[in-house]
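Fit chain B to the known structure of chain A by using the hints.
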Amino acid sequence: MNKSMLIKNGRIIDPSQGLDMTGDLLVSGGKIKSVAEIIKEIPADCSILDARHMVVCPGFIDFHCHLRQPGFEEKETIATGSRAAAAGGFTTICCMPNTSPALDNKATIDYIKAASAADACIRVLPIGCITRGRAGKELADMGELAEAGVVAFSDDGSTIADSRIMKQALEYSLIFGLPISDHCEDAMLSEGGQINEGIIATRLGLRGIPNAAEENIIARNIALAKLTGARIHICHISTHGSVELIRLAKKDGVKITAEVTPHHLTMDEEMVLGYDTNAKVNPPLRTRKDIDALIKGLKDGTIDIIATDHAPHTANEKLCEFSKAPFGISGFETAFGSLMKLVHNGDIELNLLISKMTAAPAKIIGNRFGTLGTLKVEAPADITVFNPDEEWTVDTDKFYSKGKNTPLNGVELKGKILATIYNGKAVYKDNSLKPGDKA
Amino acid sequence: MEAVKQYKETDMQAENPQLEQKVWNHRHILDLDDFTPAEIDLVMQTTDAMHEILSRPIKKVPTLRGKTVVTLFYEASTRTRSSFELAAKNLSADISNLTVSSSSVTKGESLIDTLETMEALGADIVVMRHPCSGAPNLASKHVKSSIINAGDGWHAHPTQALLDMYTMLKYKNSIKNLKVTIIGDIIHSRVAHSNIWSLTKMGADVTICGPSTLIPKGMDNPQPYFPKVKVTTDIDKAIKGADVVMGLRLQLERQQSGLLPSIREYAKLYQITEERLSKADKNVIVMHPGPVNEDIEIASSVVHGEKSVITEQVTNGVAVRMALFYLLAGGSRNE
Numbered sequence: 001m002n003k004s005m006l007i008k009n010g011r012i013i014d015p016s017q018g019l020d021m022t023g024d025l026l027v028s029g030g031k032i033k034s035v036a037e038i039i040k041e042i043p044a045d046c047s048i049l050d051a052r053h054m055v056v057c058p059g060f061i062d063f064h065c066h067l068r069q070p071g072f073e074e075k076e077t078i079a080t081g082s083r084a085a086a087a088g089g090f091t092t093i094c095c096m097p098n099t100s101p102a103l104d105n106k107a108t109i110d111y112i113k114a115a116s117a118a119d120a121c122i123r124v125l126p127i128g129c130i131t132r133g134r135a136g137k138e139l140a141d142m143g144e145l146a147e148a149g150v151v152a153f154s155d156d157g158s159t160i161a162d163s164r165i166m167k168q169a170l171e172y173s174l175i176f177g178l179p180i181s182d183h184c185e186d187a188m189l190s191e192g193g194q195i196n197e198g199i200i201a202t203r204l205g206l207r208g209i210p211n212a213a214e215e216n217i218i219a220r221n222i223a224l225a226k227l228t229g230a231r232i233h234i235c236h237i238s239t240h241g242s243v244e245l246i247r248l249a250k251k252d253g254v255k256i257t258a259e260v261t262p263h264h265l266t267m268d269e270e271m272v273l274g275y276d277t278n279a280k281v282n283p284p285l286r287t288r289k290d291i292d293a294l295i296k297g298l299k300d301g302t303i304d305i306i307a308t309d310h311a312p313h314t315a316n317e318k319l320c321e322f323s324k325a326p327f328g329i330s331g332f333e334t335a336f337g338s339l340m341k342l343v344h345n346g347d348i349e350l351n352l353l354i355s356k357m358t359a360a361p362a363k364i365i366g367n368r369f370g371t372l373g374t375l376k377v378e379a380p381a382d383i384t385v386f387n388p389d390e391e392w393t394v395d396t397d398k399f400y401s402k403g404k405n406t407p408l409n410g411v412e413l414k415g416k417i418l419a420t421i422y423n424g425k426a427v428y429k430d431n432s433l434k435p436g437d438k439a
Numbered sequence: 001m002e003a004v005k006q007y008k009e010t011d012m013q014a015e016n017p018q019l020e021q022k023v024w025n026h027r028h029i030l031d032l033d034d035f036t037p038a039e040i041d042l043v044m045q046t047t048d049a050m051h052e053i054l055s056r057p058i059k060k061v062p063t064l065r066g067k068t069v070v071t072l073f074y075e076a077s078t079r080t081r082s083s084f085e086l087a088a089k090n091l092s093a094d095i096s097n098l099t100v101s102s103s104s105v106t107k108g109e110s111l112i113d114t115l116e117t118m119e120a121l122g123a124d125i126v127v128m129r130h131p132c133s134g135a136p137n138l139a140s141k142h143v144k145s146s147i148i149n150a151g152d153g154w155h156a157h158p159t160q161a162l163l164d165m166y167t168m169l170k171y172k173n174s175i176k177n178l179k180v181t182i183i184g185d186i187i188h189s190r191v192a193h194s195n196i197w198s199l200t201k202m203g204a205d206v207t208i209c210g211p212s213t214l215i216p217k218g219m220d221n222p223q224p225y226f227p228k229v230k231v232t233t234d235i236d237k238a239i240k241g242a243d244v245v246m247g248l249r250l251q252l253e254r255q256q257s258g259l260l261p262s263i264r265e266y267a268k269l270y271q272i273t274e275e276r277l278s279k280a281d282k283n284v285i286v287m288h289p290g291p292v293n294e295d296i297e298i299a300s301s302v303v304h305g306e307k308s309v310i311t312e313q314v315t316n317g318v319a320v321r322m323a324l325f326y327l328l329a330g331g332s333r334n335e
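Sequence order for the protein chains is A and B.
By the working numbering, the letter at position 121 of the first sequence is numbered 121, and the numbering carries on one by one without gaps.
By the working numbering, the letter at position 305 of the second sequence is numbered 305, and the numbering carries on one by one without gaps.
One thing to keep in mind: the hints can contain errors.
[What the hints assert, rightly or not] When the alpha-carbon atoms are kept at most 20 Å apart in a straight line, the in silico SDA-like pairs for lysine to any residue are as follows:
1) B:Lys-144 / A:Cys-320
2) A:Lys-324 / B:Ser-140
3) A:Lys-318 / B:Val-143
No lab work stands behind these hints: they were computed from the structure.
Because the structure is a prediction, the values reported are computed rather than measured.
The following block holds chain B by itself, in its conformation from the complex:
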């Protein structure tokens, strides 16, 4: 009851109650390729409001009371799932976690069967992580509930990209013209892909850098399918003057599949080190979606150094996910 009393309309709503109806046009959050800059702005503003809630002694509001959120994870994850779970709980949703063990997959239960079961059990929002790219897109075509993509294959991780942007905005005035460099295993990184969409939409100047075997194909020619970014294999060139440097987790199996000669050589050529960072803008921030392989993709001293905002990304993740739940729940905000 205390929580209910504490909850008040946020400034954003008070100023412009119609704003989100006009701007927000999503039933699902699959990737950021179909987000407008205004929608991204709205998510940022709403996250601010949620951030304020998180700073209260009692971090609970009744916005999603009576709504059921199901997390459906086909891949192991503790961090992302906990972040979604906390976000849902802070908004008073009922939450149910389902880890799909290989057993029901081997029993031949299809993704669509599972989703139909979730829906029959009353899920309003399904948070889904899946190893196959496009699985959430498939899900969204077959269910009435809202799907939030919590990472699919190499494709997209939209909530991560939104929390990354929110974190950048805590340190930088604007995303427009911000020099953002993403370093590492770009081709297999859903985090990088979603970040490229959101950052370029908001006018950032994005550079991707990594060994040529880990750079996505087909970006050299002008084409309408994927945002234009700068591509380089030279890390010093990539970092020079950067406002934001983002590392990515290097999956150790990349060596086994012959994409890299050795992890040692990768670290030598592409590790984000203090020395390399000295060529960046003096106010550079260093980000990483976690979990970090310290001293492989980023030097340990950088992870724990003053330029690192990696821990803050985690906190902001809860606020961003609260904002997304809130926006998806739509009309329930006045309850």
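This is chain A alone, in the form it adopts within the complex:
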């Protein structure tokens, strides 16, 4: 392990302090030591990474992913998932509690923390259940979960269908100040649904999931958050109507935050033509109109963060009839590259993209786990280095993730992660970095 590292001549972008400059960044003792146009005084044991033509920014934070451990280790483990995340430029990931057993008590949170300490190459922050066993009936011991170190509460994969339980969960969460993160899906409307309700579903003969399945629950959650004054976080929004609801709620002062995934921002329902089960995801890929609204929402601040919803499955589980395949896309390793398409197309600015993956999620997480998502001096040296213009072809055989389930296999992306540094240590380095660059 290197004690110090100098990253030279990079374009340093740190939205947490409005920084966008070309210069050097010095890391020592696992912390950011200095950022300047030229750093001349460097420690003797310092390694050097030449970041000319590269961007240096805070390590990405993913507020929503599935690591599948414990219970579904054939899909992913903390070891493989964290390596995949590091390869995608992430240094902090928040894992959802829909494991087996579900993360609904202190023992399971302790297990995640211990397994992460042993196996993860980056920071793993568990999200605890809202209800016991994710059954939506009784509240989990949220106080104990908060004390054990959860970053939020969620029954992701399922909505809290019972509005009374949701109201009580929100009220109770006020004690801890942690957000309730809800997967918004009116199960009565989406039951049996496979893809977006619309013409593609008509063509393929598949049952559709209407936009209203998501919007109904978002509208309810807004009303309950307003009533209780609690923090609500909306998972993976996918429709233009959801953007509009959240925009109005924010205007109304509701404590609401929202996330969108890379796939909902970059792919539409056409991806499932040919019955590609790797494009089967929940909520489903929607239409161009929805994508445009999501991008607009990202720009005007309605949507706070980008989160992957990395959902690995085995190849066999996806190699079946479309309606039998599980929902989910393995997202860690393609997230950044696919999002860069938005930057190259002129849809969003690079600084905004970085902000939505660093400073913004750090703000939702707060400072309970250290100063995250920033390159400020004395913050943990969590750094991502990428080349915004390098083109590469997605090859799932080379994924660190066990989940090869992405519709992007073989697709060319522009924008490549070159190095990921966690606590001052390089946890991922692209092969193209010259052997001389000791990072």
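This is chain B only, laid out in the frame that chain A set:
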């Protein structure tokens, strides 16, 4: 031996032996969305030749001798399966029927496992019916044999649509500009979906009609994914001036899932009756893929009336399926 002697090259082949090589470009028959009008024409012509064979006293030719056809049905069906079976036998294929009981599914045998077994047993053509839309598409990506879709979920039933078109052509000069009205549970109907593809490709003027809960979504705006048809919930408007009126089977569980208030109300609003048919073209023909729920989607008197060609559809089904086997078998025709 008698059959072999009787078999002769059909007129179509004699006239233009190269035709099918140029036109026919299918290893599988999954749906009609990827059929060209020329391919559909070829199927119609070939069906004529097969129809001629069926009119002979001995309805057997050696075209598929030595080929193995397997029917793989994940849904109960007697009519469609018998039709395929007879078609294969008329062409002298060896045929094996496999009904996949829930047992092997519960044993965890996947569709692909089953198909690989079929192939290992020597299947050249697999005729497949499956409750999941797209299952034949999946199958076609994993096997070397030809897949014929005998109905998948709500998606497609291409052989039914081809036999429907063949039946229409027995009564009408051309599909072009033909006014075809399809009435009923369109959203769940693979028959309707495949018919919409084939009919619009050949230039028909297609109207779909049914209660709004059973009309497919997303057809109102211009879009490149599904053919443009007229959509109405008004049955009288739909039938007015129609050359062909096609009913669809109403699954009785549509009421339980709340898509319809009652079967009685459905019959009242959407049944194809003599009275409603009187507004159609005077030479209208009435079709239905079967089995019919008489006096629900179609009045009994219409099913058995002079405008009905429903029984003929069944006969034509065998000829169309023979034609498709023949075309898929390709080079074997000169044996």
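Cross-check of the supplied hints:
1. Simply put, Lys-144 of chain B and Cys-320 of chain A have alpha-carbon atoms about 18 Å apart, close enough for the 20 Å limit, and the pair holds.
2. The straight-line distance between the Cα atoms of Lys-324 of chain A and Ser-140 of chain B is roughly 17 Å, inside the 20 Å bound, and the hint therefore holds.
3. With a CA separation close to 17 Å, the supplied pair Lys-318 of chain A and Val-143 of chain B stays within the 20 Å bound.
Violated hints for the displayed structure: none, as all numbered hints are satisfied.
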